[in-house]
Amino acid sequence: TQLLEQSPQFLSIQEGENLTVYCNSSSVFSSLQWYRQEPGEGPVLLVTVVTGGEVKKLKRLTFQFGDARKDSSLHITAAQPGDTGLYLCAGANTGNQFYFGTGTSLTVIP
Amino acid sequence: GAVVSQHPSRVICKSGTSVKIECRSLDFQATTMFWYRQFPKQSLMLMATSNEGSKATYEQGVEKDKFLINHASLTLSTLTVTSAHPEDSSFYICSARDGDRGYEQYFGPGTRLTVT
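Line by line, the protein sequences are chains H and L. Mapped onto the numbering used here, the consecutive letters of the first sequence carry residue numbers 802 to 911. Mapped onto the numbering used here, the consecutive letters of the second sequence carry residue numbers 211 to 326.
Keep in mind that the hints were calculated from the coordinates and are not lab data. Idealized CB from N, CA, C, for every residue including glycine. Heads up, some of the hints might be wrong.
To spell it out: a stretch of chain L is covered by chain H in this simulated footprint if at least three of its residues, at any positions, have a beta carbon under 8 Å from a beta carbon of chain H; those stretches are [claimed, not checked]:
{"#": "1", "segment": "273-282"}
{"#": "2", "segment": "316-326"}
In silico lysine-lysine, DSSO-like type, Cα no more than 27 Å apart, as pairs [as the list claims (entries may be wrong)]:
{"#": "3", "chain 1": "H", "residue 1": "Lys-860", "chain 2": "L", "residue 2": "Lys-251"}
{"#": "4", "chain 1": "L", "residue 1": "Lys-265", "chain 2": "H", "residue 2": "Lys-858"}
{"#": "5", "chain 1": "H", "residue 1": "Lys-871", "chain 2": "L", "residue 2": "Lys-276"}
{"#": "6", "chain 1": "H", "residue 1": "Lys-860", "chain 2": "H", "residue 2": "Lys-871"}
{"#": "7", "chain 1": "L", "residue 1": "Lys-251", "chain 2": "L", "residue 2": "Lys-276"}
{"#": "8", "chain 1": "H", "residue 1": "Lys-857", "chain 2": "H", "residue 2": "Lys-871"}
{"#": "9", "chain 1": "L", "residue 1": "Lys-265", "chain 2": "L", "residue 2": "Lys-276"}
{"#": "10", "chain 1": "L", "residue 1": "Lys-224", "chain 2": "L", "residue 2": "Lys-251"}
{"#": "11", "chain 1": "L", "residue 1": "Lys-224", "chain 2": "L", "residue 2": "Lys-274"}
The shape of chain H in the complex, shown without the other chains:
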């Protein structure tokens, strides 16, 4: 059972467009992380959110943790080809268990 569902699964957009990736669950998490992974490499941590309703910004990326700490979103403004990659959310519960989302493969076309 996949606890964290990401949508969309695949996304192909033109350079300069905006996009949002969603990470949803019926479970509550004590913290949630977003990672970006390029082909043939390991995931790289982008951000950790821990408070319900928290919003964090990382340059053109905006991350939000849902009020109930069950969901999260990643918004990218003015996407660039360098943003291409697999985006993964991951949630940790109070029992120290860690669950990855289903993944969103993003392609930004120049």
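Starting from the known structure of chain H, fit chain L onto it as the hints suggest.
Structure of chain L alone, referenced to chain H:
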């Protein structure tokens, strides 16, 4: 900080042989290490969790006798794929967590295993 290395980055082996993959935390002590398997454009599938000095906890469906995990020190964990078969070909990624830093996992660069 929080650098994790994996060795080798790529390995090709013949069917029936065994392959060992190393995962090292370079600048912190990893109280817990995780091993994942990943297929192209898919998410990571957790195979097992290992704590230093104790037996690994395997996820359902993962054969512990086939995927041997050893976490002998706070900076090193190894995954040995025994009697490898072509269906074991995959991208294997380890991660490490420093319990003092919280829940974040720091990932190695992965190992591409091809079994011929």
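- Item | Structure-inconsistent hints, enumerated in ascending order | 1, 4, 5
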